[in-house]
Amino acid sequence: MSSMSSKAPGTGGDSEFPFRYTAALASAIESAWQDRWDARGTFMTPNPGDAAFDSARPKKFVLDMFPYPSGVGLHVGHPLGYIATDIYARYLRMTGHNVLHTMGFDAFGLPAEQYAVQTGQHPRITTYNNIATMKAQLRRLGLGHDPKRGVSTTDPDFYRWTQWIFLQIYNSWYDPEAPGLEAPGVSAPGVDASRRPGVKGKARPISDLVKLFESGEKKTASGKAWSAMSAGERADEIDAHRLAFSAEVPVNWCPMLGTVLANEEVTADGRSERGNFPVYKRPLKQWIMRITAYAERLLRDLDGLDWPEPIKLMQRNWIGRSEGAFVDFRVEGSGEVLRVFTTRPDTLFGATYMVLSPEHPLVDSIAGSDWKVGGKSCPAAWRGTFAGAPAGGFATPRDAITAYRAYAQAKTDVQRTEAKEKTGVFIGATAVNPTNGESIPVFIADYVLTGYGTGAIMAVPAHDTRDFEFATELELPIRDVVYSRTFAAMKYFAEFAYSTGEVAPAWREDLADMLGIVTSDATASFVHALEMVEQRRHVPAGDVSARSRQRHESTMGEQRGSTRAIWLEAIDDLSVGNFQDLRHRFMGGQYHKSAGEPFTGPGIAVNSSGKNFSIDGLTTSEAKAATIRWLEASGNGRGAVTYKLRDWLFSRQRYWGEPFPIVYDKDGRAHGLPESMLPVLLPELENFQPESSDDPNAPPRPPLARARDWTKVTLDLGSGAQEFTRETNTMPNWAGSCWYYLRYLDPANDKAFIGPDVDRYWMGGDRSPPQFGGVDLYVGGVEHAVLHLLYARFWHKVLFDLGHLSTVEPFQKLFNQGYIQAAAFTDERGVYVEAAHVQEKDGVFTYDGRPVKREYGKMGKSLKNAVTPDDICAEYGCDTLRLYEMSMGPLEASKPWNTRDIVGSYRFLQRVWRNLIDEQTGMSRVVDAPADDATRRMLHKTLIGVRKDMESLGFNTAISKLIEFNNALASLPAVPMEVARAMILMLSPITPHIAEELYHRVVRKGQGEQRSILHEPMPVGDPAQAADDTIEMPVQVNGKLRSKLSLPAKMDPGSIEAAALSDEKVRESIGTLSVKKVIIIPGRMVNIVAG
RNA sequence: GCGGCCGUGGCGAAAUUGGCAGACGCGCUAGUUUCAGGUACUAGUGGGCUCAACACCCGUGGAGGUUCGACUCCUCUCGGCCGCACCA
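With the first letter of the first sequence counted as 1, position 64 gets the number 64 in my numbering; the numbers rise by one all the way through.
These are computed hints drawn from the structure, not numbers from a lab.
One thing to keep in mind: the hints can contain errors.
Lysine to aspartate or glutamate pairs mimicking EDC-like chemistry, simulated, CA-CA at most 20 Å apart [unchecked claim]:
{"no.": "1", "residue 1": "K948", "residue 2": "E964"}
{"no.": "2", "residue 1": "K135", "residue 2": "D38"}
{"no.": "3", "residue 1": "K285", "residue 2": "E248"}
{"no.": "4", "residue 1": "K135", "residue 2": "D106"}
{"no.": "5", "residue 1": "K751", "residue 2": "D157"}
{"no.": "6", "residue 1": "K376", "residue 2": "E323"}
{"no.": "7", "residue 1": "K59", "residue 2": "D746"}
{"no.": "8", "residue 1": "K211", "residue 2": "D175"}
{"no.": "9", "residue 1": "K961", "residue 2": "D1028"}
{"no.": "10", "residue 1": "K861", "residue 2": "D871"}
{"no.": "11", "residue 1": "K858", "residue 2": "E892"}
{"no.": "12", "residue 1": "K200", "residue 2": "E323"}
{"no.": "13", "residue 1": "K218", "residue 2": "D208"}
{"no.": "14", "residue 1": "K666", "residue 2": "E177"}
{"no.": "15", "residue 1": "K135", "residue 2": "D146"}
{"no.": "16", "residue 1": "K218", "residue 2": "E177"}
{"no.": "17", "residue 1": "K895", "residue 2": "E855"}
{"no.": "18", "residue 1": "K285", "residue 2": "D647"}
{"no.": "19", "residue 1": "K895", "residue 2": "E783"}
{"no.": "20", "residue 1": "K941", "residue 2": "E1032"}
{"no.": "21", "residue 1": "K59", "residue 2": "E177"}
{"no.": "22", "residue 1": "K858", "residue 2": "D901"}
{"no.": "23", "residue 1": "K200", "residue 2": "E214"}
{"no.": "24", "residue 1": "K858", "residue 2": "D827"}
{"no.": "25", "residue 1": "K285", "residue 2": "D901"}
{"no.": "26", "residue 1": "K59", "residue 2": "D766"}
{"no.": "27", "residue 1": "K1040", "residue 2": "D1063"}
Remember, it's a predicted structure, so these values are computed and weren't measured experimentally.
Using the sequences provided together with the hints, build the complete structure.
Pasting the structure below:
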C-alpha cells in the first residue's frame, strides 16, 4: 500500500473529504514519487554492455534543446517542450523501447560573464548556482531524465572533448574530389539513393594531404615541389587547407566591449545590441571554420531529414545556392580582367554596362583619369549625383570614387535598404562584352556587394530590376534579350476579350496594367485599348518584352495608377461572366493549340547573336547551357555554383568560453596541442572585464591575455621543450551545443568523446541499413532554425567523414514547439506593468486603478507577464500544470497562456481520482466485475485513439479523448478493473504522479511500490472490440443533411440505399424530384442526388 | 520587395485528411449542495426565426471555381505572424 494512505494528507480546505484530490494532496503525492524515482534510479538508462541492458528492445533517443541556466529561473513557457518530450519518452518506454532522455546545460555565455564583470563573482559559481536552481525546478515537474547523463558544457570533462573536436577539425582538410561521402549502404528515408552520388568530397586528415603533396599527386598552390619547400612554406601550404584556420577577415569590432560580435549581435544602425556602443567593420585575425566546404552536402542532405518544411526552407535560403557562370570581361586599356558571377548567362548579350562594389580590389588600378568614354564626354549623370556630390558631378573619376566610397560606407544597413534610388559613379573605364565585342562602361555602386559572388556584376537592365533602376537613373541603354511568353499569354487574353467581349475578373487587373502602359490617355475607352492591342500584334517580340518590363518598372507610376483605374472600370463594364476556370485551363496548357504557342514556360532568347556565337531562339535553360559551353570553349569563363553561406567566425574575445587548444611559437605560427595536453583549462581571473577603448583601431585584448602565467608555457611538441604563447580568444557559445547530444550517450567516457558501440546503438548507425540521422526526436524552438542546427550538422558531418561517427546527420526528426504567449499590459506612458496585478472588469483592464492597454507577446521578464511553474505547481500540482500545458492546443502552435483555464485540467484529474478512489477513505472504488459492452467499446476506441495521438505528439487530442472516456466512466455505478487499469496507464505519461499513486492504490493494491508504472506495457486497443454494432448514418439530399438513420454496421450498400430512400424525411426532401444518383460512403454517409 | 506559415463560437481549440462543422476545456446561464461566498455536482450553451417545442434558414476572414459533397483542393483578395532583405 502506498505510503500516502497511511498518513493524512493536507486538508486542502475540505475536512469532509480527506482524500479529495486537492493541491495539497497532489503535492504530497508528487514529492513522494519524485523521491522514490530518484532513490530507485527509475530513469537511468543502461548502455549496450551494461548489465541491465536489454538488446531486444528497439532504441529511441528523445532530445530537447538544452537550456542556458539563467539566473531568473523558468516561466511556464520554458518547460512546454520538456513536458512534451517527457510524455513521449514515457510513452515509448511503455511501448517496449529503450529510451534515452536527459537534460544538460548550455552554460558558457555572456550573461554569467556580464554578471561576473558587475559583481566580481566567478562565472563558474553563478553558473553552477543557476544550474542547481533550474534542476530543482525541472525536477518538480516530474521530468523523467536520466540524472547521470545531464552534462554541462562548462565542465572540464565536457569541454576537453569540445577542444578535442576542434583539433579534429583543425587537423583536417576538405578534399573536394574524395569519392563517396557516405558509408556504403547509408540510405535516407525519402531520398533516392541514385540522386546522392553526385555530391563528392569529404574531410580527410591533414596527414593525407601531406602524403598527396609528397607524392606529387596534389599540386601545391605555388606549383613548387613539396621537397623543394622550406618548413615554413610547407606549414603555410597546410594551414591554407585546414577546416579550422585563422585569417584576417572583416569583422564587427566593438572597441567599447573589447570584442568582435556576430552579425546578429549588431543592431540595424550599426551599434552593439548589448550596451549600444558603436561597432566598426575592421579586418582582424580570427579563427574561422570552413563550413562553406560543406555547403552542398548541408543542402542536399536536408532532403532526407524529417524536419518541418519551413525550417528546411530557411536553411536552404541561408545556404543560398545559385547556379550560373563566371564570365571574364577584359578591361580596355589595361591588362586586367573583371570576373563576374551571373545566374543568367543567357542574358549576356543584354549586358550593357558593368558594376563593381565600391571596395572591389581592381577599382583603383583600372579607374580612368577623365570622363571620356569612346573619345566623347560621358553623360553628366555618370559623374556623381548621389547626396553630397557637387552640382554637375566631380572633376575626375578618382575624386568621384573617393567621395562615393565615403558616402557608401556612411550609409547604415537601414538606409541602404530604404533608399529607393540606385546611386553610383562611372570610374572612367570600359570593358568588352565577350559575346559581341561591344565596349561597355564600368561603374561602382553600393547595390553590388563585396561579399557575394566576385563583388562585380554584368548589368542586364532589361531583365533585372536593380539593373533597370540603375540604368534608368544613369541613362544607360536597355536591350531586351528574352521574349516573355507570359506576356504573350496576356496579349492573347486581351485579344480573346476583344473577340468575345468577355473578361475574367481575376486577370482584369493584369490586363488593365498592360493596357495602361500602352496609352496614357486617361479618357480612352476600352474599345480604343483593344485597338491598341490589335496594333501591337505586329510589334516585334523584343519590343513587346521591353514594354512588359516597363509595366513593372516604369517611373511613370502615378500617371499609370490613374490610367489603370479607368481601365479597371472599363473592363468591369464589359465583364459578362466568370472566366477564371478558363484562365486556369489556359495556364495549364489545354488551350495552347488555339493560342498557337504555350503561354507559360521559359522565355526565348532574342537579339542574342554575335559574330561566331548565337543563342537566338533557344529557351532560357537551353541558352544558359549553350552560353556556358561557349564560355568554356572560348576561355571567357565557366559554369559555376556559388553560395550565400559564409565561413563561420569562430573566435570571441571573452572569458567565459572554451579556450582554444592552440599555442603560438616564437615566430607566431599556430600549433594544435596533442590530445594528451587536453583539457586546456580556463585560467582563474579576478577581473573578467575585457579592455574597452574609444579607439576603433585599438588592438583586441581578450581577458585571457591578462593571465600571464597561463599564456606563457613551455611545452615539448615534438622538437624539444620550447616556449609558446597560448591562444587567448575563446570559442563562441555555439561550440558546446554542436555536440552535447553525443556526450549524453557516453558521459563518463574518458577515453573518447563517445564510444563507437554507444554511438552505433543510440544514433542507430548499427542498423541495417544504417539510419541517416541519429536523434529520433529533437524538440526545440524555431529560433535555432538556422545557426545551431546548421553548425551542429556541420560538426557531425566532419566527425562522420573522419570516421568518428556512424551517421551522416545528427537529428533525424525535428519538431518546433510553439511559444507560450501571454497578455501584457502597458500604462498610458506605454510602460509595461506587472500583468499579475492587472484587474479586469467587464472587459476593461486596470492597474492600480488606472486603465491599461492589453497586448499579447512572448512570455518573459521584459513584458512583465511571466508566470512561474512553481506558483502553478503550488496551487494545483505539477500534474495539473503538465496536463494543462499539453491540452492548450497543438504543440507546434503558439498560444496564449490563461491561468483561469487551468481549473479545467484540475477538475479532470479530480474526477479521475473520484471515479477510482473513495474520497472519504482513500480506498479503491474499482470493482472486479467485467465491463459492459458499451464501456468496453469505448475503452478500445480510446486505447486506439490515444495511442495514435501519442505517436504523432497530438497530446491535446489524446487528452480530450481521455476526458471523454472519464466522463463516461463517471456515470457507471463502479469502474471495472480492466477499464480503470487502462485509464491509469494511458494517463501515466501525461500525469505520471497521480497515475503512479492510482496504480498502486487501485491496481497493485499492497503489492509493494518497487515496480514503477513506467515499466508497465501500454495496453493495446482491439479494433474488433471497438467496433459498433449499429451506426448512425447521416443522409444528405443534394449535399444538405436531411436525416439520420440508425443502421447495422455491416449493411450492404443496396440495403442502405433502400433504407435511405424509404426514410420519411428523405422522401419529403426529395419531393417531386427524381433520384439521379445515390452515393454511399460505407460507414460514413449517404448522399442522394436528385434533380 | 521576395519567400513561408496561419485566419473556425465570447476565449483556447477539434474535425478519422474531401463525407454529420464546433469534440474537449474555459467562460456564460439555470439548478443541486451550502447560512453565505468559494469548492464540487447536474443540465444547457454557434447565429437567426419562434412564447416554446418540432421544423426551417444562415454559418469556418471575403469573392469565385472544381465536386454528388469543401474548414479541407484551385484562383483571386483582405488581415495577422515569421524569415530573408539590393545575393547578381
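### Query
K211 and D175: Cα distance at most 20 Å?
holds (13 Å)
### Message
Can you confirm whether the C-alpha distance between K858 and D901 stays at or below 20 Å?
### Response
holds (18 Å)
#### Entry: Holds or violated: K285 to D647, with C-alpha atoms at most 20 Å apart
Since the Cα atoms of K285 and D647 sit roughly 14 Å apart, the hinted pair holds (cutoff 20 Å).
### Message
Run the distance test for K376 versus E323: straight-line Cα separation, threshold 20 Å.
### Response
Not OK: K376 and E323 at ~38 Å, beyond 20 Å, violated.
### Query
Holds or violated: K861 with D871, Cα cutoff 20 Å?
It holds: about 16 Å lies between the C-alpha atoms, which stays within 20 Å.
### Message
Given the hinted pair K200 and E323, is their Cα-Cα distance within 20 Å?
### Response
Given that 20 Å is the threshold and the Cα spacing comes to 17 Å, the pair holds.
### Message
With the threshold set at 20 Å, check whether the alpha-carbon distance from K59 to E177 stays at or below it.
### Response
violated (36 Å)
### Task
For the pair we were handed, K858 and D827, check the Cα-Cα distance against 20 Å.
Within the cut-off at roughly 18 Å; holds.
### Query
Has the given pair, K135 with D146, been kept, meaning a C-alpha gap of at most 20 Å?
Within the cut-off at roughly 12 Å; holds.
### Task
Measure nothing beyond the straight line between the CA atoms of K858 and E892; if it is 20 Å or shorter, mark the hint as holding.
holds (15 Å)
### Task
Decide if the proposed pair is consistent with the structure: K895 and E783, CA atoms, cutoff 20 Å inclusive.
holds (17 Å)
### Query
Would the pair K1040 and D1063 pass a check requiring their Cα atoms to be no farther apart than 20 Å?
holds (15 Å)
Consistency note: the structure conflicts with the earlier hints numbered 6, 14, 21, 23, 25.
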